[in-house]
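*Asks:* One letter stands for each residue in the lines below.
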Amino acid sequence: MLVVDQLTKRFGANTAVDNASFTVDRPKMIGIIGRSGAGKSTFLRMMNRLTDATEGEIRFEGRNVLALKGAEKRAWQSDCAMIFQQFNLVPRMDVVSNVLHGTLAKRPALSTVFNLYPREDIHRAIDILERLGIADHAAKRAEALSGGQQQRVAIARALMQDPKVILADEPIASLDPMNAQIVMEALRRIHDEDGRMVIANLHTLDTARRYCDRVIGMRDGRIVFDGTPEQLTTGVARDIYGAGADFSEDATSTEIRDPVAETEIRQAEVAI
Amino acid sequence: MMHSDPPFDTRAHYMALMARKRLYGGIVLAIFVALMVSGFILTNDRNAGGFWDGLPQIFDFPAAVLADTIPKLDRLPGHFLRYFPSLMETVNIAAVSTLIGAGLAMLLSLLSTRGLARWPRLIPLFRRIMDIMRAIPEIVVALVLIFVLGGGPVPAMIAIAFHTAGALGKLFSEVNENADLKPVEGLQSVGGTWFQRMWLGVVPQVSPNYFSYALLRFEINIRASAILGFVGAGGIGYDLRNAMAWGQGRFDEAAAIFILLFLTIVVFDQLSSHVRNAMIAKKGGH
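Listed in order, the protein sequences are those of chains A and B. Here my numbering is used: the first residue of the first sequence is 1, the next is one more, and so on. Here my numbering is used: the first residue of the second sequence is 1, the next is one more, and so on.
So here's chain A without its partners, still in its complex pose (with noise of 0.2 Å):
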C-alpha cells in the first residue's frame, strides 16, 4: 500500500533524513519516535508535499507520489491530510469554515473565495465537530478556542479531507496531558472506525506504545528501529533517543498519572 524507497532528504550539508525505506502493507496506526531533529518532521512533510524530497521515492497504491506535480499533487494532498504541531488553523475563521477548508482542492477556486460551499457539506462539517465533541464550538472563530479544541477541529478539517492517510505531526506536543489523551483517542478511533492510516509523529515512548501498532524508531535521520511496541524495549529506546544508562521512560511520557508540573520538568531536562 505504502512503499518508501530510499527516502533522502539534504538541507545544504545538513541531511535531515537519509535513505530511509519502509513497507505498509495496510492500514495500521504508524507512530514515529526520536529525538527533536532526527528528521521525523521533514519525512511527514515530504509525504504530504509541504517539503520536496533530495532522492528516493514514496509510493502509495503503486504511484510515486513524491513526482505528482499541479493539480495530480494537490488531490494527493488532499488524499493524504496533515495535523500540525501548532494546529494551522485559520485563527480569524469560524470553526465550520476551517473544517471547510478541507474541501479545498475539490471546490471550484471562486465558490471558495467566496465562502459558498454546499448545504451537504457543511453539514458533514458539523456531523465531524459532533463526533469529535466540539459542535458547540462550530460558530465561534477559531482562535477564541483552546490548544485541545483547536487541534479537535485540525482533525475535523483533516476528515473532510476525507483522506487515505492522515499525517500527524507531533500533534499533542503543545497540548497538557488531558488533552493530548483526548486528541491521541481521537486519532485511534479514526483508526479504527474508519480504517484509514495514521501516521504520527510522537516524541514520548509511551503514547507510541499505547496507540500505534507500529513503532519506527529514528535518530539523525536514519531508520535505526522499526517494529511492533512490544519489541521497543528500554534498551531500544535508549539507541533511538541516544541517552545513556541514567536514561529514564518516564522523562519521555506524558501520561496523567505523573503530575503535570513534574512530567514538564522532565520532558524539559531530556530536551536538553
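Among the hints, a few may not be true.
Derived contacts from chain A toward chain B, CB cut-off under 8 Å, selection only [stated by the list, open to error]:
hint	residue
1	R92
2	G102
3	M197
It is worth saying that the hints were derived from the structure and are not from the lab. No residue lacks a Cβ here, since even glycine has one placed at the ideal position from N, Cα and C.
Given chain A, work out where chain B should sit, using these hints.
*Replies:* Quick look at chain B alone, frame taken from chain A:
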C-alpha cells in the same frame, strides 16, 4: 568586577564619549546647513523671478481672493450648491481609483512577498513593476492618457489607480511580511491552490491593515483627483482652474471651491481616523 579596577575612571570615560558624540552631532549639523544654503542659492539663481523679489507678493493672491469674497459672502451657499456635483465627481474618481488600485496592489504585494510569492524567482520583477508605478507621477500618466483618450474622468481614474497600485503595493507587502505562515501551510496541506491559500490564509490576517492603508490613500487620492482636474480630467479641479482664470474681481467662486475642498478633506480625514481607531481598538480587544 569594576570595583577592583580603580584606574578605570567612569566619569572621564563617559565625558570622552559625550565629547565625541557632540563632535559628530556638530559635523552632521554643519553638513546639513551647508547643503541647505548651497541648495537655496542654486535654486534662487535658476528661478525666473528670484525668491527675495517675489516674497512680498506671496500674499497678493490670498488677499485678492479675500477682497473679492468678503463683499459677496451671501453668494457662497449658491456657489457651494453649484460646485457640489463636480466635487462628487472628484470624490468618485478618487474612490474608484482607490478600489482598483488597492485590488492591484494586493495582487502585486502577494506576488512580491518572500514566503508567499507564487513564483519566488519573479519577486524582483514584481517589485520593480511597483517601483515604476510609484515613480511615475499621476499627472504624467493622466496627461498622456488625456492626449490619447480625450479629457474626462476615465484618464484621471486610470492614472490615480496606476500610482495607487504601486504605492499601496509597497505598504501591503510590508504588512504581508508579518503575516503568520501557519494557516497558509495548513491550507497548502489540504491541497489548496495559491489563490485559495492567499485569499483564505493571508487576507483575513492582513485585511484590517490593508483597509487602514487604503483609507489613508483615499484621502491622498481626493487631492490628486482635484489636481488632475486642472489638466482637464473633470471634477472640481477643472472648475477651480476656470474660476481662477476669470481673474480679479471674480475670485469668490475660487474661494467657495477652496472651502469645499478643505471641508471634504477634513471630513474624510476625520472619518478615516475614526474608522482606523475603531479597528485598532477591536483588534487589541479580542
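*Asks:* Regarding the hint that R92(A) lies at the interface with chain B, is the smallest CB-CB distance below 8 Å?
*Replies:* Holds, about 4 Å.
*Asks:* Restraint: G102(A) near chain B, CB-CB cut 8 Å. Satisfied or not?
*Replies:* holds (5 Å)
*Asks:* Hey, does the M197(A) contact hint survive, CB to chain B under 8 Å?
*Replies:* This interface hint is violated because 16 Å lies over the 8 Å limit.
Hint compliance for this structure: hint 3 alone is broken.
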